[in-house]
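S.K.: The residues making up each chain are set out below.
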Amino acid sequence: MLIPHPLLGPRDAAEFTVMGDASLIDRPDPQSDDAARAFHDHVYLRDNPAGVHRELWFHEHGDRSWLVVTRNTLTHEILEVRLARDVALEHGR
Amino acid sequence: MSFSAFRILAEALTGHGGWKPMWREPEPQARYDIVIIGGGGHGLATAYYLAKEHGLTNIAVVEKGWLGSGNIGRNTTIIRSNYMLPGNEPFYELSMRLWEGLEQDFNYNAMVSQRGVLNLCHSDAQRDAYVRRGNAMIMAGADAELLDTDGVRAMYPFLDFANARFPVKGGLLQRRGGTARHDAVAWGYARGADMRGVDILQNCEVTGFLIEDGQCNGVETTRGTIRAGKVASCAAGSSSRVLEKAGLRLPIESHVLQAFVSEGLKPVIDGVITFGAGHFYISQSDKGGLVFGGDIDGYNSYAQRGNLPVIEDVCEGGMALMPAIGRARLLRAWGGVMDMSMDGSPIIDRTPVNNLFINAGWCYGGFKATPASGWCYAHLLATGKPHPVAAQMRLDRFERGLAIDEKGAGPQPNLH
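Protein chains in written order, with my numbering: chain A, 3 to 95; chain B, 8 to 423.
Bound-form chain A, shown alone (with noise of 0.2 angstroms):
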């Protein structure tokens, strides 16, 4: 699996570490009234779908960027590769 990585061009899948679900770039509020249900589904809930699914994927053996990559789970297919850095600005973080 090769990875289009934003910066650098086509990338070996091997040099990544996938760190799953890309909702983790969404850390609920801690000061709000029902922080402790939000954090649980934060931390331990996933859509977990079959299709179209977003994660993180960190260059660890590369550049140490993070990547929001957007992939097919029933294909392997890879649809879109942003920096996590621009997603997580467009999120309000």
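These are calculated hints, taken from the structure and not from any lab test. Yeah, the Cβ is synthetic: ideal placement off N, Cα and C, and Gly gets one too. Be a bit skeptical, because a hint or two may be false.
Partial list, derived from the structure: chain B residues whose beta carbon lies under 10 angstroms from chain A [as the list claims (entries may be wrong)]: (1) M91; (2) D190; (3) R256; (4) L257; (5) I259; (6) G305; (7) S308; (8) R312; (9) D346; (10) M349; (11) N361; (12) N362; (13) F405; (14) P418.
Residues of chain A placed beyond 10 angstroms of chain B at every Cβ, according to the derived structure [stated by the list, open to error]: (15) L10; (16) G11; (17) A15; (18) Q33; (19) A37; (20) R48; (21) H55; (22) D65; (23) R73; (24) V83; (25) R84; (26) R87; (27) D88; (28) L91; (29) H93.
Using the hints provided, position chain B relative to the given structure of chain A.
M.R.: Just chain B now, with coordinates in the frame of chain A:
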């Protein structure tokens, strides 16, 4: 129809005309007491024990594909009970005991072979950890034996004992562990359940649940609506997909695990060996192929096939452990979808929806658990109470802070 040596002799003398199909192909009824979703090892074992131990026979097992088409036919067939934590080890030891009596119990040859499972250690710290685990196993009633280097050498002289990076320092041996014929386990349970009146409905995919006032009253399937007193999901890697239709989000990710078999060789490995410095385990099938595997690929997948980096990683582990394996040719590689839970341990429990039950999160240890999983799930379904050895395998254990994390890896499913 029961199997015996006499029967085989009689059939041999009469042209083998008397063998009949092992199970019926019934049409779905409108209602069952219990509908089990998933005709794999765990689902069929659950149906079998419900019928045999609890006398409940108005049961259907609905299966999307053909019987045993999932992980029960895709694993590396190893059975063992060498876990450590109190929430796990008594459960796996119950499973080991059920394996020991399984073939007599369901009158079917599952080729259970207690050929020994040896976990190698490669450092002093790892040996200390194995001593601890061995003691935990013995306290739960299992068997465990610590071997030194000479003890391992007497069993497997071809290992790379003097490996500069990972010398073999000894191993933890469970002699009662071994292998079983994976397909035959599914077939034996299916036949035993069918004989007692359980309907096995193949090519019957669940497309939705009948949920009324927070209570599950049946399932919608591709072969029509089936009403049920209780619905029991047993869908392994597809658990999230199935229970999503009931509005549940699970502490599970589905990952691909690959397995491999070499060309057939003369007998060389008479037990199961696991490499302690990487992730590599190997045994030899009765046909002669070396059956081995390693880590999951690490990314979410429902594809039942993996990628090359893990194949390379697994083969490197094999070469570090037993360099002779480099002369064998790889014949086949395949993948299965693993329901990786957040702590690496399974879930056998009720769900927030009344009369809907869950059995999932087996990670890549589901095969060895098949008998106890069926036994404990049947107990929960029949009596309404969790079986004592599975009582900690709760769905809500994460919010209660009661995770059963053998590896201590935290909520990162691809590390378990």
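S.K.: All hints are to be evaluated individually against the structure, with a verdict given for each.
M.R.: These are the hints, each one checked on the structure:
1. M91: Violated, because the Cβ-Cβ distance from M91/B to chain A comes to roughly 22 angstroms (cut-off 10 angstroms).
2. D190: 25 angstroms, violated
3. R256: Hint holds; R256/B Cβ to chain A Cβ min 4 angstroms, cut 10 angstroms.
4. L257: Holds: closest Cβ of chain A sits about 7 angstroms from L257/B, inside 10 angstroms.
5. I259: 6 angstroms, holds
6. G305: This interface hint holds because 5 angstroms falls under the 10 angstroms limit.
7. S308: Holds, because the Cβ-Cβ distance from S308/B to chain A comes to roughly 5 angstroms (cut-off 10 angstroms).
8. R312: 8 angstroms, holds
9. D346: Holds - the Cβ of D346/B comes within 10 angstroms of chain A, reaching about 9 angstroms at its closest.
10. M349: Cβ of M349/B sits 5 angstroms from chain A, so the hint holds.
11. N361: 20 angstroms, violated
12. N362: 22 angstroms, violated
13. F405: 4 angstroms, holds
14. P418: For P418/B, the interface hint holds, since the closest Cβ of chain A sits about 5 angstroms away, which is under 10 angstroms.
15. L10: 18 angstroms, holds
16. G11: 18 angstroms, holds
17. A15: 7 angstroms, violated
18. Q33: The claim stands: Q33/A keeps its Cβ more than 10 angstroms from every Cβ of chain B (closest is about 20 angstroms).
19. A37: The claim holds: A37/A sits with its nearest Cβ about 13 angstroms from chain B, beyond 10 angstroms.
20. R48: Nearest chain B Cβ is 5 angstroms from R48/A, so the label is violated.
21. H55: Given that some Cβ of chain B is not farther than 10 angstroms from that of H55/A, nearest at about 6 angstroms, it is violated.
22. D65: 19 angstroms, holds
23. R73: 7 angstroms, violated
24. V83: 13 angstroms, holds
25. R84: Per Cβ check, R84/A is outside 10 angstroms of chain B; nearest 17 angstroms; holds.
26. R87: R87/A clear of chain B: closest Cβ-Cβ about 21 angstroms, beyond 10 angstroms.
27. D88: D88/A is indeed farther than 10 angstroms from all Cβ atoms of chain B, at 21 angstroms.
28. L91: 25 angstroms, holds
29. H93: Given that every Cβ of chain B is farther than 10 angstroms from that of H93/A, nearest at about 20 angstroms, it holds.
Hint check: violations occur at hints 1, 2, 11, 12, 17, 20, 21 and 23; the rest are consistent with the structure.
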